[in-house]
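The listed protein sequences derive, respectively, from chains A and B.
Under my numbering, residues 1 to 325 are what the first sequence spells out, in order.
Under my numbering, residues 1 to 330 are what the second sequence spells out, in order.
If you are wondering where the hints come from, they were derived from the structure by calculation, not from laboratory data.
There's no promise every hint is true.
Quick list of in silico lysine-lysine cross-link-like pairs, DSS-like style, CA-CA up to 27 Å [said to hold, decoys possible]:
1. A:Lys51 to A:Lys85
2. A:Lys159 to B:Lys47
3. B:Lys55 to A:Lys128
4. B:Lys286 to B:Lys47
5. A:Lys231 to A:Lys241
6. A:Lys128 to A:Lys51
Some chain B residues judged to face chain A by a derived CB distance under 7 Å, without partners named [stated by the list, open to error]:
7. Leu80
8. Thr81
9. Leu195
10. Ile245
Label-pair distances were calculated between CB atoms; the ranges are [to be verified]:
11. B:Gly178 to A:Val198: 49 to 59 Å
12. B:Trp99 to A:Ser45: 33 to 43 Å
13. B:Arg52 to A:Leu155: 38 to 48 Å
14. A:Tyr224 to B:Ala220: 35 to 45 Å
15. A:Gly73 to B:Arg179: 49 to 59 Å
16. B:Gly178 to A:Trp98: 23 to 33 Å
17. A:Ile117 to B:Phe148: 25 to 35 Å
18. A:Leu156 to B:Tyr93: 24 to 34 Å
Ideal placement from N, C-alpha and C gives every residue a C-beta, glycine not left out.
Chain residues, written in single-letter form:
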Amino acid sequence: MARFLARRLLNYVVLLFVAVTAAYFLAATQLHPRQLYEVSNPPISEASINKSLDAYNLNDHEPVIDRYFDWLGDVVHGDWGNAPKGGSVNDEISARIWVSLRLVTIGSVFGVILGVILGAWTATRQYKLSDRITTFWSLIIISTPILVIAVVLKLLATKFNQFFDSGFFEFTGETGRHAPGRLNAWGDRFQHLLLPTVALALAGIATYSRIQRNIMLDTLGADYVRTAQAKGLTRRQAVFKHALRTALIPTGTYFAFTIALLFIGAAITETIFSWRGMGVYGVSTISGQDTNGVVAVVAFTGVCVLIGGFLSDVFVAILDPRVRQ
Amino acid sequence: MTEFVASEARLQAEMEAESRLEAGTLQRPADGATPDDADPAKRLSRKRLIFRRFKRNRSAVVGVFIYGFLIVFAFFGSHLTKWSYSEIHRRHYLENPSWSHWFGTTQAGRDVLAMTVHGLQKSMLIGMAVALFSTTIAAVVGSFAAYFGGFIERTSLWVIDLLLVLPSFLLIAIVMTGRGASGGGVWPLIILITLFNWMLSARVVRSLTQSIKDRDYVRAAKYMGVRGPTIVFRHIIPNISSLLIIDATLNVAAAVLAETTLSFFGFGIQSPDTSLGTLIADGQTKVTTFPWIFAAPSVFLVLMVVAVNFIGDGLRDALDPNSLASGKAA
Chain A
1 MARFLARRLL NYVVLLFVAV TAAYFLAATQ LHPRQLYEVS NPPISEASIN KSLDAYNLND
61 HEPVIDRYFD WLGDVVHGDW GNAPKGGSVN DEISARIWVS LRLVTIGSVF GVILGVILGA
121 WTATRQYKLS DRITTFWSLI IISTPILVIA VVLKLLATKF NQFFDSGFFE FTGETGRHAP
181 GRLNAWGDRF QHLLLPTVAL ALAGIATYSR IQRNIMLDTL GADYVRTAQA KGLTRRQAVF
241 KHALRTALIP TGTYFAFTIA LLFIGAAITE TIFSWRGMGV YGVSTISGQD TNGVVAVVAF
301 TGVCVLIGGF LSDVFVAILD PRVRQ
Chain B
1 MTEFVASEAR LQAEMEAESR LEAGTLQRPA DGATPDDADP AKRLSRKRLI FRRFKRNRSA
61 VVGVFIYGFL IVFAFFGSHL TKWSYSEIHR RHYLENPSWS HWFGTTQAGR DVLAMTVHGL
121 QKSMLIGMAV ALFSTTIAAV VGSFAAYFGG FIERTSLWVI DLLLVLPSFL LIAIVMTGRG
181 ASGGGVWPLI ILITLFNWML SARVVRSLTQ SIKDRDYVRA AKYMGVRGPT IVFRHIIPNI
241 SSLLIIDATL NVAAAVLAET TLSFFGFGIQ SPDTSLGTLI ADGQTKVTTF PWIFAAPSVF
301 LVLMVVAVNF IGDGLRDALD PNSLASGKAA
């Protein structure tokens, strides 16, 4: 077992290394940090541009393979390099991870819990009115890109604020001005979190309720649920102990797999509500011709995907007794 | 819940298919024949049966009508307005919807209706082309990997894993940025989105192929001396066609959302060309004061994805006979 896990882990590490290397070569050849210096006014002499670019290992006059090994040497020592105009990639990422974590945690937890409850409930009421309404709306919400959901929420909140002449809904950044005191500080954070959380949770509820409903429909009809009832369990007990538990396995796998991706997956929510998280960083590194930055984000995502894959294995092992043995 | 490629629906569908395959509830594609025990008086061809089942699903039929309407709108909608999408109506900036501009105008004085029609056309082209290409790749790679096994299988699985680890959105954005302002055309986008879109489906195709490659008809063909690739194309792929059809439908939605997200961040279609994504990006900055720029493209985008998802759902119910959602077959 341990040997199997070790081999799997080794495979993951190789995979990650190849992926990040490929991303480095792609970014180093496609992005042009030189442009940032060339457009500056008053113009900078070529020699000093080269000097600045050399300092950050971004000079495209140097062969890309040499740059790659310089970069790799630094990465081995834990230094992911600098942005084209200075600024450490490490600093940016270490600050932004926490912003992303604060942004996505509550929304995704609410999304999965409410989604699973709703999905399981509607599955037991298949084709009744409540099921039809929920199914219809979850399809509509799944089909609505989060950029539309987020903007509509923002629009509604603005109208609410204007109508009641209040400042209840906040939609820029993590914190704002507030009265002194710890309680007020927490309240302020809550106000800023509210809208992005609702946006993320809505998407989550819709997605998970559909997954849960469809899988639950399969398990509800399974023989072991009927057997459980024949043994004398009530319908309710059979549904909770047998149907729901089995149906949680695929949902859990999916959740574990996507939770890690949320870190950089919330770029749109971050942009619309002006949070400075990892997703926005990924986007801004590319438009800012920041080779080192974007490769670091790619590496971070890769680690997230692999952790997600690992987490989903663990989750299956917890819920599925067949795997444990 | 990854916004980046916005492929939730597809990922979800793939995982569902896999879990049901494991649970043994997803009926493996049969030989395309009607059941032997069917009452001869009521025997229907498989096509008619599927059509009937699909027709009974009201939302799926609505989806077809919406999609049909959108196609007509995308290709003939430009006749509804005398403005072209790139034309600037001087001194008519940020105008309310009116008789001369049904959906209003943008800050530059461009007609929102004409831009929406143009963007919709782009999105539909991208959606259909990506769906066609990536489902084809998935079918070929997945079935070859499972049928031949060994080195081919290991290599393709490794490539699939590699592409799944790489964040597709960032890589597409890097390439599009590298191509500069001139490179933001539709075809580069179609190719790039396809390149990062086929892997999950290929995995499902592989597991389905594994379950049918030991069927009698495949073995018979093999012992008759039919070459491997011919067996795959003639006997395996046609027998997983129901999965492929559903997959292609869901890919349309995934591709449209990917394009919108890329264009929203300025990595997709470049101005002065217009897509739904660029229009939404433009509109969302002034949504509180000039909501119509945001409203028109969003409504059409949502309509399109809703229609595709409704159709996909209906197809799944009609093609998967064991799905409880389909009710009783007629």
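Against the structure, the hints come out as follows:
Of the supplied pair hints, the one linking lysine 51 (chain A) and lysine 85 (chain A) holds, its CA atoms being roughly 12 Å apart against a limit of 27 Å. Of the pairs offered as hints, the one joining lysine 159 (chain A) and lysine 47 (chain B) is violated, with about 51 Å between alpha carbons and a cut-off of 27 Å exceeded. A C-alpha spacing of about 20 Å is found between lysine 55 (chain B) and lysine 128 (chain A), which places the hinted pair at or below 27 Å, so the restraint holds. Only pairs whose Cα atoms come within 27 Å are accepted, and lysine 286 (chain B) paired with lysine 47 (chain B) is rejected, the gap being roughly 50 Å.
Of the supplied pair hints, the one linking lysine 231 (chain A) and lysine 241 (chain A) holds, its CA atoms being roughly 13 Å apart against a limit of 27 Å. Annotation: proposed proximity of lysine 128 (chain A) to lysine 51 (chain A) is violated, straight-line Cα distance about 71 Å (limit 27 Å). Taken as an interface hint, leucine 80 (chain B) does not check out: its beta carbon lies about 23 Å from the nearest beta carbon of chain A, beyond 7 Å. At a threshold of 7 Å, the smallest CB-CB gap from threonine 81 (chain B) to chain A is about 23 Å, leaving the interface hint violated.
Taken as an interface hint, leucine 195 (chain B) does not check out: its beta carbon lies about 12 Å from the nearest beta carbon of chain A, beyond 7 Å. A hinted interface residue such as isoleucine 245 (chain B) counts as satisfied when its beta carbon comes closer than 7 Å to some beta carbon of chain A; here the least separation is about 18 Å, so the hint is violated. Between glycine 178 (chain B) and valine 198 (chain A) the beta carbons are some 37 Å apart, a value that contradicts the proposed interval 49 to 59 Å. The hinted range of 33 to 43 Å is not satisfied by tryptophan 99 (chain B) and serine 45 (chain A), whose Cβ atoms lie roughly 58 Å apart.
Distance hint check for arginine 52 (chain B) and leucine 155 (chain A): the Cβ-Cβ separation is about 43 Å, which falls inside the suggested range of 38 to 48 Å. For tyrosine 224 (chain A) and alanine 220 (chain B), the hinted distance range of 35 to 45 Å is satisfied, since their beta carbons lie about 37 Å from each other. For glycine 73 (chain A) paired with arginine 179 (chain B), a C-beta distance near 30 Å fails the hint of 49 to 59 Å. Glycine 178 (chain B) and tryptophan 98 (chain A) have their C-beta atoms about 31 Å apart, which keeps the hinted 23 to 33 Å range intact.
For the pair isoleucine 117 (chain A) and phenylalanine 148 (chain B), the supplied restraint of 25 to 35 Å is violated, since their beta-carbon distance comes to about 45 Å. The beta-carbon spacing between leucine 156 (chain A) and tyrosine 93 (chain B), approximately 26 Å, falls within the hinted interval of 24 to 34 Å.
In the structure shown, a violation is registered for the earlier hints numbered 2, 4, 6, 7, 8, 9, 10, 11, 12, 15, 17, in ascending order.
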